[in-house]
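These protein sequences, in sequence, are chains V and U.
FYI, the numbering for the first sequence is 32 to 353, going by this note's numbering.
FYI, the numbering for the second sequence is 127 to 453, going by this note's numbering.
The set of hints was computed from the structure by calculation and includes no laboratory data.
No experiment lies behind these values; they were computed from the predicted model shown.
Glycine included, each C-beta is placed from N, C-alpha and C at the ideal position.
Heads up, some of the hints might be wrong.
[As the list claims (entries may be wrong)] Below, a list of computed lysine to aspartate or glutamate pairs in the EDC-like style, where the Cα atoms sit at most 20 Å apart:
id : chain 1 : residue 1 : chain 2 : residue 2
1  : U       : 212       : U       : 168
2  : U       : 142       : U       : 158
3  : V       : 151       : V       : 131
4  : V       : 178       : U       : 158
5  : U       : 370       : V       : 299
6  : U       : 172       : V       : 299
[Unchecked claim] Using C-beta positions, here's what the derived DEER-type ranges look like:
id : chain 1 : residue 1 : chain 2 : residue 2 : range
7  : U       : 263       : V       : 333       : 19 to 27 Å
8  : V       : 155       : U       : 401       : 36 to 44 Å
9  : U       : 260       : V       : 96        : 48 to 56 Å
10 : V       : 111       : U       : 371       : 54 to 62 Å
11 : V       : 159       : U       : 413       : 31 to 39 Å
[As the list claims (entries may be wrong)] Now the stretches of chain U that chain V is said to cover, found in silico as 3 or more residues with beta-carbon under 8 Å:
id : region
12 : 325-335
13 : 341-352
14 : 379-391
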Amino acid sequence: MDNVSLKVSNLRTHFLTRRGIVKAVDGVDFELRRGECLCLVGESGCGKTVTALSILRLFDSPPGKIVGGQISYDGLDLAKCSLRQLRQIRGKDIAIVFQEAQSALNPVLTIGDQIIEQIKLHLPLDYSMARDRTISLLSEMGIPSAKRVLSYYPHQLSGGMKQRVLIAMSLSCDPQILIADEPTTAVDVTIKAQILDIFHELKASRQLSTIFITHDLAVVAEIGDRAVIMYGGKDVETAPVSEIINNPKHPYTSGLIECLPDVSKTADRLASIPGTTPNPIEMPKGCAFHPRCPKAMKICKQQEPPEIITSKEHKVSCHLYT
Amino acid sequence: MKHMLNHKLLKIRNLKKYYPVTAGLFSRHVGDIKAVDGVTFDISEKEIIGLVGESGCGKSTLGKTIPRLEEPTSGEILYKGTDVAKLDKKGLRELRREIQIIFQDPDASLDPRMTVGDSICEPLIIHNIGDEKKRMERVVELMEQVGLEATQANLYPHEFSGGQKQRIGIARALAMNPKLIIADEPVSALDVSIQAQILNLMMDIQERLGLAYLFIAHDLSVIKHMAHRIAVMYLGKIVELADKRETFDNPLHPYTEALLSAAPSFKSKDKDRILLRGDVPSPLNPPAGCHFHPRCHRVLPICNQQEPELAEISEGHFAACHLYKSL
Chain V
32 MDNVSLKVSN
42 LRTHFLTRRG
52 IVKAVDGVDF
62 ELRRGECLCL
72 VGESGCGKTV
82 TALSILRLFD
92 SPPGKIVGGQ
102 ISYDGLDLAK
112 CSLRQLRQIR
122 GKDIAIVFQE
132 AQSALNPVLT
142 IGDQIIEQIK
152 LHLPLDYSMA
162 RDRTISLLSE
172 MGIPSAKRVL
182 SYYPHQLSGG
192 MKQRVLIAMS
202 LSCDPQILIA
212 DEPTTAVDVT
222 IKAQILDIFH
232 ELKASRQLST
242 IFITHDLAVV
252 AEIGDRAVIM
262 YGGKDVETAP
272 VSEIINNPKH
282 PYTSGLIECL
292 PDVSKTADRL
302 ASIPGTTPNP
312 IEMPKGCAFH
322 PRCPKAMKIC
332 KQQEPPEIIT
342 SKEHKVSCHL
352 YT
Chain U
127 MKHMLNHKLL
137 KIRNLKKYYP
147 VTAGLFSRHV
157 GDIKAVDGVT
167 FDISEKEIIG
177 LVGESGCGKS
187 TLGKTIPRLE
197 EPTSGEILYK
207 GTDVAKLDKK
217 GLRELRREIQ
227 IIFQDPDASL
237 DPRMTVGDSI
247 CEPLIIHNIG
257 DEKKRMERVV
267 ELMEQVGLEA
277 TQANLYPHEF
287 SGGQKQRIGI
297 ARALAMNPKL
307 IIADEPVSAL
317 DVSIQAQILN
327 LMMDIQERLG
337 LAYLFIAHDL
347 SVIKHMAHRI
357 AVMYLGKIVE
367 LADKRETFDN
377 PLHPYTEALL
387 SAAPSFKSKD
397 KDRILLRGDV
407 PSPLNPPAGC
417 HFHPRCHRVL
427 PICNQQEPEL
437 AEISEGHFAA
447 CHLYKSL
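For reference, chain V alone in the conformation it holds in the complex (with noise of 0.2 Å):
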């Protein structure tokens, strides 16, 4: 236990809206180890960001609200704590960083305002204390002349420098978890390249554990050590990132892996999978993903699949398994 940082049980997140409750997140469940990097995957709309924001409750509400589950930290509940216990955790333990760079950042405010705020607020630091951490870590993310940096605005900023920018102050505090929702969707290649080697770099100097979402799994293949497969807002697959890429349970994570070009496949058509992801609002009945699965069985429309410990570090919810 002692191992675990984080730890998130049956976390159910629902929206009320007028067409009806969205269930964006309706039962997850993962633990987050010291100084490790766990990568949440799926598509659009699977709730991987929902679950994200419902570890700091950075959503409205209404519509908003966690139903159901806890969100362990520290010996604390996350899911029920007070927001004046939540907003001295936000930002100094828990960090985010979110995916777009561009309205993450203040547009009337320099760069260096922005993080020396978010440190005066949690360390007991005066302004140019404050000022030189500010500069050390912009220069630890390989910005170039940092200080001149401190005076710019964001919009005079490069997307990459910015994505930067957002790490920096994500570090500022020195935070025991760090969440970074897609950093590398929104930048080109070589700049993503750029971003994943930064990580690359944290996780070694640093020891930080990471909670890093994407859809992308070749970014998880670079850059994880576990795995979350999310769809329809559960999770239907937790494994070290080799076990999901060389022996995928969950039919959905083979689709997945299948109907990615790949750089190095030379495959003449893709494989793909049928259909388009569920409605929130109507989920199918039983397994969520069922009117997709190319191997669905008459169970998998009627009863939602157990859980299924296949081996130590392996987990998946089909009914293949049971």
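Start from chain V and add chain U according to the hints.
Below, chain U alone, put in the same frame as chain V:
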């Protein structure tokens, strides 16, 4: 397949598209954004050319300039021998029957207040083809061709998922029986499981109807899957153009090398990665000499002085790089 590619459908010669930049009260002309800066290549019949590059390299502008959705600044666009740049309105309309575009964002390219049947039918009306009954038949045929059901013709775009919307975009592009389709990042807004469906559909259609594609993408794995030949663009210029296999097995230009090594892949995990320093420079004020030299890992003294020309290094393999000048 490849030996059949002799008939040139489109020849582009030294094509340029500059956007003037103005400043001050009198809109003084202070410079140009050279979005496309001297591009030369051919597309043969039934050929798929993959055009790859990072954002801002001019690949989309190039795609839009070919059917003259953007007016070219200079250069020639020869479609079956006629210069597109000199066509009048009537000629242009004829041309656009044969060259169609599929856009990146299927949401933005469909009118939310038109049923998808009407959207697909619209080009038929504009070009005055058939009577109402014939057109409806054609719409049904097109929808079935892209894997939709005819009954869905009366629905509005918001009732479809992203992948289905992209299918509608493809059906609309096919309505006029085009010869060349310019596909501008057609799958980059889609989820991976849907992406594979659309790529397969585009491959099937290409084979069945014998189309040529200019397939624009930033994702090398997608390009590798689709294309016969690959053109790599950097800051408004083509820096390398070769057969797909050549590009992947024997990349010549250092930028292509870096792009290839930057593409994450789960099959070859522990490769040595060429990390490019910095960002793509502004096309308003590109570096002197070879535009790539400030980020290049194999830079020579000559690179910041003289701009390399696109030259044929080995048969069918073109590169614009000083490293291969002596050959």
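Can you let me know if the beta-carbon spacing of residue 159 of chain V and residue 413 of chain U is within 31 to 39 Å?
-> For residue 413 of chain U against residue 159 of chain V, whose Cβ atoms are near 37 Å apart, the range 31 to 39 Å holds.
Within 19 to 27 Å or not, the Cβ separation of residue 263 of chain U and residue 333 of chain V?
-> Given about 42 Å between the Cβ atoms, the range is violated.
Given the proposed pairing of residue 172 of chain U with residue 299 of chain V, does the C-alpha separation stay at or below 20 Å?
-> Judged against 20 Å, a Cα distance of about 17 Å means the pair holds.
Between residue 178 of chain V and residue 158 of chain U, is the straight-line Cα distance small enough, at 20 Å or below?
-> violated, 31 Å
Taking 8 Å as the C-beta cutoff, is the stated coverage of the region 379-391 of chain U by chain V satisfied by three or more residues?
-> Holds: 8 residues of the region 379-391 of chain U have a Cβ under 8 Å from chain V.
Starting from the hint 54 to 62 Å, judge whether the C-beta atoms of residue 111 of chain V and residue 371 of chain U obey it.
-> holds, 58 Å
Between residue 151 of chain V and residue 131 of chain V, does the CA-CA distance stay at or below 20 Å?
-> Distance ~25 Å between residue 151 of chain V and residue 131 of chain V Cα, so the pair is violated.
Does the alpha-carbon distance linking residue 142 of chain U and residue 158 of chain U stay inside the 20 Å limit?
-> Holds. Residue 142 of chain U to residue 158 of chain U sits at ~11 Å (cutoff 20 Å).
Please test the hint of 48 to 56 Å on the beta carbon pair from residue 260 of chain U and residue 96 of chain V.
-> Hint holds: Cβ distance 54 Å, inside 48 to 56 Å.
Residue count check for the region 325-335 of chain U against chain V: does it reach three with CB-CB under 8 Å?
-> Answer holds; 3 residues pass the 8 Å Cβ test.
So the hint says 36 to 44 Å: do the beta-carbon atoms of residue 155 of chain V and residue 401 of chain U match that?
-> Holds, since residue 155 of chain V and residue 401 of chain U (Cβ atoms, about 37 Å apart) stay within the stated range.
Residue 212 of chain U paired with residue 168 of chain U [C-alpha distance capped at 20 Å] | OK: residue 212 of chain U and residue 168 of chain U at ~19 Å, within 20 Å.
Hint violations for this structure: numbers 3, 4 and 7, all remaining hints satisfied.
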